[in-house]
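For reference, the chains in residue letters:
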Amino acid sequence: MEVDKGKGEAEETRKVAEADRDTVTLKSSDGKLFEVSKEAAARLSTVLAGMIAGGSIDDNGTDLKQIGSEALENVVDYCNKHANSIPSAALISSSISFNTAPFKEPEEWERKFVDRLSHDALFDLVEAANFLGMERLLDVTCHKISEMMKGKSPDQIREVFNIKNDYTKEELEEIRQELAWAFYDD
Amino acid sequence: MAATEAEEAPVITCHHQLNDDVVTEILLRLPSTSVLRFRAVSRAWRAITTRPDFLAAHARLRPLELIVAEGLGGALHAVPLDDGLDVDARTIRCLLPSTPRAAHLIAPCDGLLLLEVRGHAINNVERLLVCNPVTRQWTSVPLPRSGHTLTRACGFYLHGPSGEHRLLFLTNDDERGGMGTSASHYVRSLEAGETRMLGPAAATVHMFTLTPRALHHRGNLHWVEHPEAEEAQEILVFDTVQETFRRMPPPPVGSFYDATDLFLLETAQGMLSVAAMRWGCVDIWVMEDYNNGQSWTRRHRIDLPPPLRHVGWVVMTWQNALLSGYSPSDVAVVYDMTEKKVVLKQMQLRCTDHLTGHVFRESLQRHAFFDQQQEQP
Numbered sequence: 000m001e002v003d004k005g006k007g008e009a010e011e012t013r014k015v016a017e018a019d020r021d022t023v024t025l026k027s028s029d030g031k032l033f034e035v036s037k038e039a040a041a042r043l044s045t046v047l048a049g050m051i052a053g054g055s056i057d058d059n060g061t062d063l064k065q066i067g068s069e070a071l072e073n074v075v076d077y078c079n080k081h082a083n084s085i086p087s088a089a090l091i092s093s094s095i096s097f098n099t100a101p102f103k104e105p106e107e108w109e110r111k112f113v114d115r116l117s118h119d120a121l122f123d124l125v126e127a128a129n130f131l132g133m134e135r136l137l138d139v140t141c142h143k144i145s146e147m148m149k150g151k152s153p154d155q156i157r158e159v160f161n162i163k164n165d166y167t168k169e170e171l172e173e174i175r176q177e178l179a180w181a182f183y184d185d
Numbered sequence: 000m001a002a003t004e005a006e007e008a009p010v011i012t013c014h015h016q017l018n019d020d021v022v023t024e025i026l027l028r029l030p031s032t033s034v035l036r037f038r039a040v041s042r043a044w045r046a047i048t049t050r051p052d053f054l055a056a057h058a059r060l061r062p063l064e065l066i067v068a069e070g071l072g073g074a075l076h077a078v079p080l081d082d083g084l085d086v087d088a089r090t091i092r093c094l095l096p097s098t099p100r101a102a103h104l105i106a107p108c109d110g111l112l113l114l115e116v117r118g119h120a121i122n123n124v125e126r127l128l129v130c131n132p133v134t135r136q137w138t139s140v141p142l143p144r145s146g147h148t149l150t151r152a153c154g155f156y157l158h159g160p161s162g163e164h165r166l167l168f169l170t171n172d173d174e175r176g177g178m179g180t181s182a183s184h185y186v187r188s189l190e191a192g193e194t195r196m197l198g199p200a201a202a203t204v205h206m207f208t209l210t211p212r213a214l215h216h217r218g219n220l221h222w223v224e225h226p227e228a229e230e231a232q233e234i235l236v237f238d239t240v241q242e243t244f245r246r247m248p249p250p251p252v253g254s255f256y257d258a259t260d261l262f263l264l265e266t267a268q269g270m271l272s273v274a275a276m277r278w279g280c281v282d283i284w285v286m287e288d289y290n291n292g293q294s295w296t297r298r299h300r301i302d303l304p305p306p307l308r309h310v311g312w313v314v315m316t317w318q319n320a321l322l323s324g325y326s327p328s329d330v331a332v333v334y335d336m337t338e339k340k341v342v343l344k345q346m347q348l349r350c351t352d353h354l355t356g357h358v359f360r361e362s363l364q365r366h367a368f369f370d371q372q373q374e375q376p
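The listed protein sequences derive, respectively, from chains A and B. Using numbering that gives the first Met the number 0, read the first sequence as starting at 0 and increasing by one per residue. Using numbering that gives the first Met the number 0, read the second sequence as starting at 0 and increasing by one per residue.
Any given hint might turn out to be false.
Said to hold, decoys possible - On the chain B side, residues computed to face chain A include the following (Cβ under 10 Å):
| no. | residue |
| --- | --- |
| 1 | LEU29 |
| 2 | PRO30 |
| 3 | ARG117 |
To be verified - Simulated restraints on C-beta separations:
| no. | chain 1 | residue 1 | chain 2 | residue 2 | range |
| --- | --- | --- | --- | --- | --- |
| 4 | B | ASP238 | A | ARG20 | 30 to 38 Å |
| 5 | A | ARG175 | B | MET196 | 30 to 38 Å |
| 6 | B | GLU190 | A | ASN164 | 34 to 42 Å |
If you're looking for bench data, these hints aren't it; they were derived computationally from the structure. Ideal Cβ placement from N, Cα and C applies to all residues, glycine included.
Given these sequences and hints, build the entire structure.
As structure tokens, this is what we get:
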């Protein structure tokens, strides 16, 4: 990349200082600030990586208006924990998609990480992971949610996901008949 | 960036609704039957799960599974083939509750299964059926020639340029059958509903009771057990794009008549591999360079743990080789290729069950050929 010579000196200095920092500051929708390792943020989130590379990280807290403080705290917590965990063989081999499950099973600490979350916190976190392009965290949170869905009926799923049934009785019966076998095994 | 959803979301205080992007991500990770069942949740969920791009992505993300058959015409089961390979009652799930009488599973392709219904007299094929076990759709495929010719389906592939599912047959040219007559290959497109003859007849092909078993690798089908391949003691290769045949040298395991069965494999690194089965051991050969027939290298020698003395097939996962044989009922053994040792043995199935050695990925993708001719087996 070519350095933009037209920019002021102060700007240059600020940019250099920012590049030297090894953390970035993120600001939740409700104005709370969180510090996260720049390396982990760039590695785990495609959106944050893009912002860091593009220089759109604000020293006083990069606004993430779509993410509440509880979800952002979990995101940051996850990044920090991930930065400390030694990359396992399972994660290394996950880049090669042959003969193995395309979604790697969560590791023990990741499982514990999502297990302690309330239902609402888990849903907030999956949206934050999706918004920030955090593939691995999306895998882990979606895995947890798909486990919650196992063996459930459409009625139960509507309850869990807070969805209104917008089918007529007749339509539902038609789907049920057409896909009868899907209603008794998983 | 997704800044628009917030305003549209209905006001719910207990817990919020997930946006469609996230719901899609979750549904992509569910097994096929769950996806089908959850079409009954709401119109929005049905819309998401019937979109062609969703169906294609969902199919790509299905885990690879090994098919277990419960005897002829019995149920087909699926066992996940991840590295925590552990074939027991908990991990086996029903793929298809039953198949038509005396149906043999010939080949899986793109989430579909090709099944052969055989007659009694000459063990000939009576009917061919294609089925999607997940959507429970069936269609029957007409045989290339009528009359008393012998026919074997020897390949099932996706033709890249046209996107068509095609079957490759070998059929005897004259009705007497038996030894020393010529046979021809035919290709049938399921989408086009047409059969055509392929190339010149293969000369003096010994007619066959065995079903040629193809390995898909790099857009080609490969056989070691094929009437033409056996005659020439070579690996027969079929280019599924050009639809032409060529031959390739097998690993230097000695003569084909040296009491050695060969079984084609693909390694985790995407290399063509051959398991050479001898009494009491199995050698794994790898073709280091696909374009060089002289690049075969023996990578492993697996000593079979007693009482298993002979295996019927081998399947490779990322780290392991799964070997199965009959002693006296089906037994599977797991060999760790990094540690170079047998790590788990004697995964015993019920005596009626049979590990087929066929691997499979589910697919919910729709195919018009099922709608044109829906058939109950």
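Right, here's what the structure says about each hint:
Contact between LEU29 (chain B) and chain A, as hinted, is supported at the beta carbon level, the nearest pair being about 5 Å apart and thus within 10 Å. With 10 Å as the threshold, the beta carbon of PRO30 (chain B) comes within range of chain A, its nearest partner Cβ sitting at about 7 Å, so the hint holds. This hint is violated: ARG117 (chain B) has a C-beta 27 Å from the nearest C-beta of chain A, more than the 10 Å allowed. In this structure, ASP238 (chain B) and ARG20 (chain A) break the distance hint of 30 to 38 Å, their C-beta atoms being roughly 56 Å apart.
Take ARG175 (chain A) and MET196 (chain B): their Cβ atoms lie about 46 Å apart, and the range 30 to 38 Å is violated. The hinted range of 34 to 42 Å is satisfied by GLU190 (chain B) and ASN164 (chain A), whose Cβ atoms lie roughly 37 Å apart.
Taken one by one, the earlier hints fail for this structure at numbers 3, 4 and 5, listed in ascending order.
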